[in-house]
Amino acid sequence: MSTEDALKSKFADAGLAFSQFRDNRRIVVPAQSLQPLLACLKQDLGFDFLAEITAVDYLEYEGATDRFGVVYVVVNTKTGERLVIKTFVNDPDPVLPSMCSLWKAADWLEREVYDMFGIKFSGHPDLRRILTPDEFSAYPLRKDYPLKGRGERHNFPVITRADG
Amino acid sequence: MAMKDVPDNIFMTTLDAAASWARSNSLWPMPFATACCGIELMATASSRFDLARFGAEVMRFSPRQCDLMIVAGRVVMKMLPVLQRIWLQMPEPKWCISMGACACTGGVFDTYAVVQGVDRFIPVDLYVPGCPPRPEQLMAGIIALQDKIKHGGTLNGTEFAKRTQPMGPTPYDLDELIRIREANEQLVSLN
Chain A
87 MSTEDALKSK FADAGLAFSQ FRDNRRIVVP AQSLQPLLAC LKQDLGFDFL AEITAVDYLE
147 YEGATDRFGV VYVVVNTKTG ERLVIKTFVN DPDPVLPSMC SLWKAADWLE REVYDMFGIK
207 FSGHPDLRRI LTPDEFSAYP LRKDYPLKGR GERHNFPVIT RADG
Chain B
836 MAMKDVPDNI FMTTLDAAAS WARSNSLWPM PFATACCGIE LMATASSRFD LARFGAEVMR
896 FSPRQCDLMI VAGRVVMKML PVLQRIWLQM PEPKWCISMG ACACTGGVFD TYAVVQGVDR
956 FIPVDLYVPG CPPRPEQLMA GIIALQDKIK HGGTLNGTEF AKRTQPMGPT PYDLDELIRI
1016 REANEQLVSL N
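Chains as they are written, first to last, in our numbering: chain A, 87 to 250; chain B, 836 to 1026.
No lab work stands behind these hints, which were simulated from the structure alone.
As the structure is a computational prediction, the values presented were derived from the model and not from experiment.
Hints are not guaranteed to be accurate.
[Said to hold, decoys possible] From chain B, some residues computed to sit far from chain A (all C-beta separations above 10 Å):
1) 874
2) 877
3) 940
4) 982
[What the hints assert, rightly or not] Each pair of labels, with its calculated beta carbon distance range:
5) B:997 with A:232: 34 to 42 Å
6) A:105 with B:920: 48 to 56 Å
7) B:882 with A:190: 52 to 60 Å
8) A:214 with B:999: 38 to 46 Å
9) B:1024 with A:87: 53 to 61 Å
10) B:990 with A:138: 55 to 63 Å
11) B:856 with A:190: 58 to 66 Å
Positions of the beta carbon are idealized from the N, C-alpha and C atoms, including for glycine.
Put together the whole structure using the sequences plus the hints.
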């Protein structure tokens, strides 16, 4: 039985949407079914490697109904299968359950998504910014953040020869 | 004592010129290499181009031992405090070369995270353009800096004491000031 069939029988009424483009197999899942779906993939179907977590900001995107799409890529290292799982969250308080208990790899990946998009992960052991400085207050990959920033890059003292 | 009485093994100069001559031929670079310019910097120091011919091959990774900082590569906002701290830790007299388009102006990286030229925040003596510059360009820059040191250097560094004004562009660009003002207005209207 293929992974898709197993998921279809197990999550019959969860509202999963399956699609495929060449060998890119995708599942869109409602946010409340994300945790059980990923747990099933990890524990029952052998997807033991979390390759990527990333997000997309659909602000002002044509035809989009939700603000953020969060994308998980999981790999079964025994069979080489690769699945893309996508879910949606919305303003004003985008929150998803943390996957740190399933894959340790989720720790830094979720911190990066939090840093760049401001999507929180409930149950994360250490949800701090990972790339930008601690005092940074914006979420730079959101579409309403200006490309050149709000002056953060030049908010430093100027050192002259007189300073040593 | 007339000149004709001076023996052959004695020559006269000023202390300033002697000190500058010694300094210019024994520059110890601090390689602040953050990107692809750093690779060219390494090539400059290695055998094919051989920076040792100009007395500047002693790369030291402790700023306390260096007198020439070569900023090679883009500097992001998280790195700039580090750059400034290393610059302040270097003993006087010291010089700074801004190597490559990114260190000079930010290059193609005109984004929220990249500082648009290190000369906004530390004094820069010499700019080497290029993306990245070839080793010959960097060596031409170092030779030009040696020339500058020989012709303007003083024993106790008084030429630096005069440079108390920042010499680079102002820290904020005009469009950046507008965005800061807009962000503040947004904050005020939200509260």
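Evaluation of the provided hints:
1. 874: The claim holds: residue 874 of chain B sits with its nearest Cβ about 23 Å from chain A, beyond 10 Å.
2. 877: At roughly 26 Å from the nearest Cβ of chain A, residue 877 of chain B sits farther out than 10 Å, so the non-interface label holds.
3. 940: holds, 13 Å
4. 982: holds, 20 Å
5. B:997 with A:232: 34 to 42 Å: holds, 39 Å
6. A:105 with B:920: 48 to 56 Å: This hint holds: roughly 52 Å between Cβ atoms.
7. B:882 with A:190: 52 to 60 Å: For residue 882 of chain B and residue 190 of chain A the Cβ distance comes to about 45 Å; the hint is violated.
8. A:214 with B:999: 38 to 46 Å: holds, 40 Å
9. B:1024 with A:87: 53 to 61 Å: holds, 57 Å
10. B:990 with A:138: 55 to 63 Å: About 60 Å separates the Cβ atoms of residue 990 of chain B and residue 138 of chain A, which means 55 to 63 Å holds.
11. B:856 with A:190: 58 to 66 Å: holds, 60 Å
In the structure shown, a violation is registered for the earlier hint numbered 7 alone.
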